[in-house]
Amino acid sequence: MNNLRARPSLLRRIFTTEDRAIGIHYLLLSLVAVAAGTLLSLAMRTQLAWPGIHWPLHGPMLPEEYLSLVTMHGTLMVFFVLTTAPQSGFASLVLASQIGARRMAMPWLNALGFWIVAVALAVLLSAFLLPAGGPISGWTSYPPYSAIASAGPGQGGGMDCWLLSIGLFCIGSWFSAINVLVTILTERARGMTLGRMPLTVWSWLVSSILILLAFTVLFAALVLLFCDRHLGTAFFIPQGDWISGQIVGHGDGSPLLWLHLFWFFGHPEVYIAILPGMGLVSGLIANFSRRPIVGYRMMAAATVLIGLLGFVVWGHHMFVSGMNPYAGTAFALTTMAIAVPSTAEVFSWLGTLWGGGLRRTTPMLFALGFLSLFIAGGVTGPILALPALDQYLHNTFFVVAHFHLIMAMAGVFSIFAGVYYWFPLMTGRLMSERLGRWHFWLSLIAAYGTFFPMHLEGLAGRPRHYAQVTGSTSTLAALLPMERGVTWAAFVLGAAQILFLINVLWSARRGTPAGENPWQATTLEWQPTLLSNRIERGPYEYHSGTTEADFTPQWETASQEE
Amino acid sequence: MLRGGAFFGSGLRDSWMPPNAAAHGIAVDQLMRWDVAVMTACFLLANILLVWVSLRPRRTPSAPSTWRVELVPLGLLVLLYIVMAVTAEHLWARERFEGAAPDALHVEVVAQQFQWYFHYPGGDAAYGESRPQLINAALGNPIGLDPGDQHGRDDIVASELVLPVHREVDLQLRSLDVIHGFFVPEMRLKQNAVPGVTLHVHFTPIREGVYPILCSQVCGSGHARMQAHMRVVSQSAYDAWLVSRAKRVAQ
Amino acid sequence: MPATFTRSVVDTERERKDPGFGGRPPVDRRPTGGGGGDENWDHRHGRGPRALLTRYRMGIFSALAGDLMFFMALVTAFFFRQSSGHFDGHGAYILDWHPLTIPPILYINTAILLISSVTMEMGRRQLFHELDVMEEWLGMGRPAARRAAPWLAATAALGVAFLIGQWMAWKDLASQGFFFASNPSSHFFYLITGAHGAHLVLGVLALFAALAALSLLHRMELRQIFVDCTAWYWHSMGIFWVFLFGLLVFFQ
Ligand code: HEA
Ligand code: HEA
Ligand code: CUA
Ligand SMILES: [Cu+2]
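Protein chains in written order, with our numbering: chain A, 25 to 586; chain B, 12 to 262; chain C, 870 to 1121.
The set of hints was computed from the structure by calculation and includes no laboratory data.
Here the structure is a predicted model, which means the values were calculated and not measured.
Some clues are possibly wrong.
[What the hints assert, rightly or not] Which residues of chain C face chain A? A few of them, derived with a C-beta cut under 10 Å, are:
#1 923
#2 924
#3 929
#4 932
#5 934
#6 941
#7 968
#8 1038
#9 1039
#10 1040
#11 1041
#12 1043
#13 1046
#14 1047
#15 1053
C-beta atoms are modelled at their ideal positions from N, C-alpha and C, and glycine is treated no differently.
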């Protein structure tokens, strides 16, 4: 053993192709991204609560600076946190072992993907260093605003950085998706049939397919936008378009084309962000309430269905964008349809919890928090899905509340749940329950405190991307007190994350050693020894006795059981 | 934060939305109240359920039947979604599927960074031709009306939208530069102004007053202050306003 | 080091020894490949020497599925753009789409590309020739590789010829005064041919790499994989081109 203990050289550990190491790399990368994104959001909140506040070494924040904060915040969080950590990160970490494979199908491709994503992150952040600042057209970058450098500060170099970065990100996440997909399809151990895969694997499968089909479309759109910016074409720039005193439109480009391409990617993207979390939470709920998940087949089916329907609802972001109103009706119906499988998953989670006296460990707390936040954000979905109401709510803070609850907070809670749950696999130690509880309760309360009032602001008609609600012309000044309340809550929310970081650092060294299978889980990532026999059972076989040995892990064979 | 709380209380009465001032807004508000209420109920119910099941000690050792805990409630929710969809699509169809009545008042809304301009066809009820080349705000031609076109002679270009009450108005929106969002909360109305295309919305103001027009689509550093006023006045006041503006145009 | 890491370090150590991806070291009897619930597992296709091959085929096919979506997006844009015009001051609807005449050389290029697909397939077949494969497997010479090489070289040559042809087509259009930025149909002509050309450049590079691999790679199945994946990529680029070409010829 000793000679094996000898740790490989530093370089080898950095440029490794070992799945777990890459998984940790991915998590660290999104930790960097999330730290940056959080600081940006807190700066935004400060500006909104105390407009024109004097920043040290800087002075008051200009509107365009606020907008570049928003744009970078959204881009970082959506792409580099919620697409990266749950999908590429956790998959590299446990997917291979969960399906009983020795390793993923194409480790080198995985590593390549990671490094491309890392470069993409660097490129994106470098936009801040430019004199004109970062891009300011929002994470959706609607043209012609994003197509013409003179349209605003930051739309020159900053926008180019954004394009390059997201282009690289497409390729990187595309590689890691191929790896995940092929791993699931070809590497499963003997007897690990589709019907025996943990629900995490199901959701990684669906998300990786979504990535393959959606990100390539985004890539095409980026190419078109690049041509409009630098090669004098007119895909998105309309005839006679007149920007800052000169005419820049020479052909009949159509901005709506970008909206269609972007949202055809954009909606699947948001499900890519949440599906792995949903799968993980299903596993945790089964594990900690010590009983099989209710309606496993239905859950798997719902996951697949969400993936399929995700491709036919993009128009619900475009109800008032000038799209044909009949199309609006069609998209509203498909959107209501996609709410059904999500609701089904919610019910089977509640059903699994029903009366199963559960163990309230930290990962479970975060799973429950995910459930609560997912519902909180989800219920506003069907409201936004109705054009008649969306024509009032579109691009107001009601939408911001919707997606922060269901995407931001639910997604981040699933990341937390995963980190607390799989920490032993990374370090062999458990994270501190005490700190974990504090972190959970503070985050949950602060999350609601931050994002619930935003619904009310939205109903009051407060639009997005406003650098301040006060000001000479603004009619929304009455909302200022509420903005302050939200900001205070956001500060608490941000501060609560410090507990998490402390917990990670402390537990990695001093945490109580986990030993084998600390959560008495049934899925294969916890198998004590190399798997040599054949899988003969489903993923969640917790028989509900109250004894300790109330579960049969997947790696146990029938013979051992009798 | 306390004042936030007070604001919260005061808001609850009128369901948070600024008082409606448009004909179709009445139905929109009803629908909004109903749907928000129902979904809030779902949210509360689900979370109470969640807390309850996670605190309650183990009762049933075996998992409950899929049928009872999943399919039945799901069926109910599906019904709810269907009802929501049908009622809302009705409203949407009534508002948007067919255009304004022929006798509606026509005004062109021209958006540019970071201004709204309102272009009235004037006596001849025909818009003058306008070209981006001719845009020159300094010379009082912010939307590039062509002096050569006699339709344009009597056109009025204002920076506030003045409308007679109880008369349907057909706005045609266009943008000179980037995508803007034409948003009048009191009119329960939002429509993007997209460069290169002309989009129509129609509605009927039912209450006199001055209402803010906001920009709801990020369009640049001036996005937040890209606001104008919509003044809804009596028919007579509106005619008077037209006359006064017409005089100014004549000179 | 914490307990669990040693386990994965064991894995890394093992990697060093094992020659390549997925080749299974003696101690680890853990099978890989395809799950599957049937009892007589060992008869399942997808394990044994071909496991690696199926894995990489799966990879290249999923990559190509994504790539297909990329071209689909371009085609969507093509039709969307074709139908978008504007009203001039007098309310007349103006379409700025002027179809442009396809340079005749494209027909020749298309023929070349189709032929290259045939040679590619010939080359691929060589590497799955039972007897030769057995010989190579047993390490006695590389007959398969030797037979395949010329076919691959021919394919690469044809590929280069195709790219040159495309370049001439561009020159031709430029001489008529149609540049990328000239008008919408020329946007799409250059964009589509360019995007496809970029893919073919990759393909040609892959072919050269495969040629090198034939002599450099030590494991038979790696050589097979290299050629096989290149072949599938090449074929689908051929098919994509046929559709794109049809689009440019008939739908302008
Ligand atoms: C994942 C997505 C995500 C997340 C987490 C957040 C988090 C936050 N966001 Fe963000 N936000 C967006 C996505 C997200 N946001 C998007 C897409 C937009 C739209 C942008 C646009 O319009 O262009 C937006 C816009 C947006 C606005 C609207 C700006 C405007 O339109 O004027 C505001 C305003 O308050 C805001 C605030 C906040 C706040 C206070 C948080 C706080 O919650 C921050 C606190 C942070 C955390 C709680 C996360 C901590 C997580 C970890 C530490 C886990 C890390 C661990 C590992 C990775 C291992 N956001
Ligand atoms: C993880 C990300 C995520 C998820 C999962 C969802 C889920 C949903 N989203 Fe959301 N959405 C976003 C991320 C997400 N969204 C983002 C980022 C935006 C803004 C983009 C931008 O403009 O910047 C957005 C915007 C957005 C819009 C456009 C709003 C606008 O711009 O005008 C719409 C409109 O239809 C919509 C609808 C929905 C619907 C119907 C769901 C459904 O899938 C929701 C399904 C869930 C439920 C329905 C809850 C189920 C539970 C219950 C119903 C409880 C019942 C139980 C009991 C009663 C016991 N979303
Ligand atoms: Cu105009 Cu925002
Ligand atoms: Cu969506």
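Hints, one by one, checked against the model:
no. : hint : in the structure
1   : 923  : holds, 6 Å
2   : 924  : holds, 5 Å
3   : 929  : holds, 9 Å
4   : 932  : holds, 5 Å
5   : 934  : holds, 6 Å
6   : 941  : holds, 8 Å
7   : 968  : violated, 15 Å
8   : 1038 : violated, 18 Å
9   : 1039 : violated, 14 Å
10  : 1040 : violated, 18 Å
11  : 1041 : violated, 20 Å
12  : 1043 : violated, 14 Å
13  : 1046 : violated, 15 Å
14  : 1047 : violated, 13 Å
15  : 1053 : holds, 6 Å
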